[in-house]
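Novice: Chain by chain, the residues run as shown.
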Amino acid sequence: MNLYYRRKQKALDRLFNGKIKIIDEETSVRLVGSCSTWDEKVAAGLLVAKSGSHIHLINDVQVANLPEEKISAPSESDMSLEGKTPDVLIIGGGVVGCAIARELSKNNLNILLIEKEYDVATQATSRSDGMIHPGIDIRPGLVKKIYNNRGNSLYPKLTEDLEVDFERTGQYLCFDNINLLPIAALSTFYYNATVAGHCKLIMRKKLKRLEPSISDDVKFALFFDGAGIVCPFNITIALAENAIENGAEIALSTIALSMECSKNLITGEHTITSVTTNRGTIYPKLVINAAGVFADEIAEMAHDRFFSIHPRKGTSLILDKKAKANINTIYSLISGRAKKHHSKGGGMVSTVHGNVLVGPDAVETALKEDYTTEAENLNGVLNKQRQIAPWMKHKDIIAYFSGIRAATYEEDFIVEKGRQTTNILHIAGIQSPGLTAAPALGLAAEELAVSILREHMKVEKNPNFNPKRSRIVQTVTMTPEERNQLIKNNPDYGQIICRCEEVSKGEILDAIRRPLKCTTLDGIKRRVRPTAGRCQGGFCGPNILKLISEETGIPMKEVVKGHEGSNILFGERGNEADE
Amino acid sequence: MRAAIYSLGKGGMRLMNRYDVVIIGGGPAGLSAAKAASSEGACVLLTEREQRLGGILKQCIHDGFGLIKYGEKLSGSEYASREIHALDDLDIDIRKLTFVSKITKHENTPYCFTIDLVSASGVETVAAKTIVLATGCRERTAKQIEIHGTRPAGVITAGSAQYYLNIMGQMPGKNCVILGSGDIGLIMARRLTIEGANVLGVYEAKSTPSGLRRNIYQCLDDYNIPLHLSKTVSKVHGKNRVEGVTIVDVDEQMKPVDGTEEYVPCDTLVLSVGLIPENELAESLGVEISQFTKGPVCDENYMTSVKGVFSCGNALHVNDLADYVSESGYAAGKAAANFINDSNDFSAEVKFSEDFLYAVPQRISSPDANLTLYFRSRYERGKTRLTVKSKDGVILTKHYHDLRPPEMEKLNFNISDAGLSSGDYIELIMEREY
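Protein chains in written order, with this note's numbering: chain A, 18 to 596; chain B, 1097 to 1530.
Some hints could be false.
What the hints assert, rightly or not - Listed next, with one range per pair, are the computed distances between beta-carbon atoms:
| # | chain 1 | residue 1 | chain 2 | residue 2 | range |
| --- | --- | --- | --- | --- | --- |
| 1 | A | E393 | B | T1483 | 46 to 52 Å |
| 2 | B | Y1475 | A | L64 | 55 to 61 Å |
| 3 | B | G1292 | A | D154 | 56 to 62 Å |
| 4 | A | N506 | B | D1185 | 34 to 40 Å |
| 5 | A | E393 | B | E1348 | 20 to 26 Å |
| 6 | B | P1206 | A | P407 | 40 to 46 Å |
| 7 | B | Y1475 | A | G570 | 52 to 58 Å |
No lab work stands behind these hints, which were simulated from the structure alone. Using N, Cα and C, we set each Cβ at its ideal position, and we do this for glycine too.
Bound conformation, chain A alone:
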């Protein structure tokens, strides 16, 4: 064991009374033993792991009495995918998986993406704050630096092709301590060499003119023009739809349960021969692991687990549109006065939908799908951001939610071929700035995938590839003349179902009828925004449920909110005796 690990072992021994041991496995390093809490396990992992290192840490430390987590998995099973032989099987329908599917569809390949939920973009992706980062706090040398900056530059063209709203709002990093001015002024040179876009210093007077709602305590700010905003659902759904239009197949409520591998006795390498799902066994040439918080478990199935994911939860809140008047861009505070507490990041983000998103914080958790919220996190986020946005009121909050980041102990992205398994690609450890990086990760995965596949087959370009995808019309943003014409052609666009967000029946029907079928209330909400407003679906929820049922033939009591088992209704009244 090298000196570094021997030193770390000593530190571990001191902290954990010799209960945790380091095993150096050359391409990765493994922690074994036991400790009493999850936080201790994470602390041990972070102590040993080297930030950005390619030697990844596998944390196998046992924690006693951890609550058992029941992962949401589709209960239905059939044989609809049995015997399929896709060239590429992508596991995971988040923004990364969908970006990969879309980029791969530029080639004449048989592509299948599986996602265990009823829709794409339901887990980490849907809980992102929608920021396209300039990469302020990512140091050069990290894998994520490359993909952040590349992804950032791909967004304008991509969102134009896919007709997704994207705004280069820019971002203010604000300072309340004037003594930091010289350092900040110097740092613009560093930032201009390392971030996407440009950085410049702005003094208080000008800042107050540009963003009047920023706290008076702010003395100056660094402005990053490379920052932007996008809707995380819209971009993911657009990527998925475009992939489907170009020939890729997306199978929803489909979960990878196990894999069969063959082992090369000479090299010791594994090759995945089949992947068993709840819809039959699939025989892919190549598997791409884009499984988010489950990426380490998918790697394990493929005998290629060389990293661990430690889930990190963040809580964000959404303010009523009325609060949007206060903010045009993105801003956050570097406070020189408040004692630095652990919750890093977070800020005020003006979203493309005209709301304000506040947060998120960062809390380690043992649970990969624990999206519960707690009062203390909500108040923590609110109080922290009030330092810079003192106008924020409790009553402006219309919704709050939490998401789970898929962090590795190295806090960096993994974008590489399998280490022990020949036909898998890992696009793993994708936490912030995953949304920004996604287009670049899609391209990188395509390149790697094609080079692996070329060893076995001829890969040609897809001659029919169409990079364009058309959006669902949005009547509220149209001019009266355009809107009038649209309604004359189809009166459904003139019947407003959701009055908070002003969404018509026509738009809701469009959402249901798109290439990627959408049958859930949350799915409709993510596509065209009914129920996302201040009444949170109190008025229009029942009408949308009825539309889904009428349009798809799904009985009303089978229509779900988002996930399997999230049925809204129990059937017709008066039928109680049946059960």
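Assemble the complex: chain A is given as a structure, and chain B must be docked to it using the hints.
Specialist: Just chain B now, with coordinates in the frame of chain A:
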């Protein structure tokens, strides 16, 4: 009698319908406003975003409506039907399935409002001399009262539950916990029980019920549904559908008391935690909103701080009886029809002590006004003497046996003897009587 003007918009000359009064919302307030305005001879447009008139009354199949207005016990839908038929012989333009997307105020023209309407026949702009906002109210949501935990299906507002059950004929829950003792919550406790659901209890964070007394007797006591005061739901459990809720005791400051957590298994959490007047359109016009009612500040004619814009019904303040909603609608409609855009500068304030939750109207715009004043007490109290005073003396005294926040009270009086001048005020005071 329809008038039309030409306007020069971006698209060139366009024919535009114009009205004396445009009423937004076809619930009981809007219906009465339309009747009153039309009876006064005004040219009236009534817009309704739903398919049918009647507003929330359509889904209120329980009785208790119309006691004041008709001297009978009607169901909400019967009451609505009477109000709708009251317009039968009047010449009123009624547009259903029509959504108001924008109102714009213009200066130096008698038709100083333009209203953008969206419907299946297209986008149309109409002009109006006055506007009556009868937009009703909406329910507070789980997020607004900060319930934490998971976000499963099965957390619904009482009004949505009522819609599912009474309009769609669908069961929204089987084992239900009801949070909040507002009237709709109490009504739904009974309604769900009648339909075979198991209502485990009604939980109220305050130490006194929020609903009308008659609803406590008729909806809970008669069906043996327990009412738990000073308790609230702190957390929702269940990943996909509600599996249970955590109930906690709350102290006088409404803060949860540690160690009192109790888990109640259920599949549905019905919320009846308050109503908020809908005033997004009012706000877009710059109408001043009262922090007490969450509705516009208005004068004795129901005119808001923006001249020519009137407010009534639950959009003005949340009423507990539809009869009062109709009453304010009628008065607002009548005043809108008779509105003259003059430069009346008289303004006196209606002040009230901390004992009041609110009083409406908040302003008086004539020294000899006949006032219909609605108020609620902030606290439950026994024998009380209420005095209306001007700086020169007492205008009115009234004695109450008791006063409760859920029960709105009404006063009628004339202020001409008080000799008010502009800038003066009248004051409402409560005193305990022995």
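Novice: So, for every hint listed, does it hold in this structure?
Specialist: Structure-based check of each hint:
no.: 1; hint: A:E393 <-> B:T1483: 46 to 52 Å; result: 47 Å, holds
no.: 2; hint: B:Y1475 <-> A:L64: 55 to 61 Å; result: 58 Å, holds
no.: 3; hint: B:G1292 <-> A:D154: 56 to 62 Å; result: 57 Å, holds
no.: 4; hint: A:N506 <-> B:D1185: 34 to 40 Å; result: 38 Å, holds
no.: 5; hint: A:E393 <-> B:E1348: 20 to 26 Å; result: 22 Å, holds
no.: 6; hint: B:P1206 <-> A:P407: 40 to 46 Å; result: 44 Å, holds
no.: 7; hint: B:Y1475 <-> A:G570: 52 to 58 Å; result: 55 Å, holds
Hint compliance for this structure: no hint is broken.
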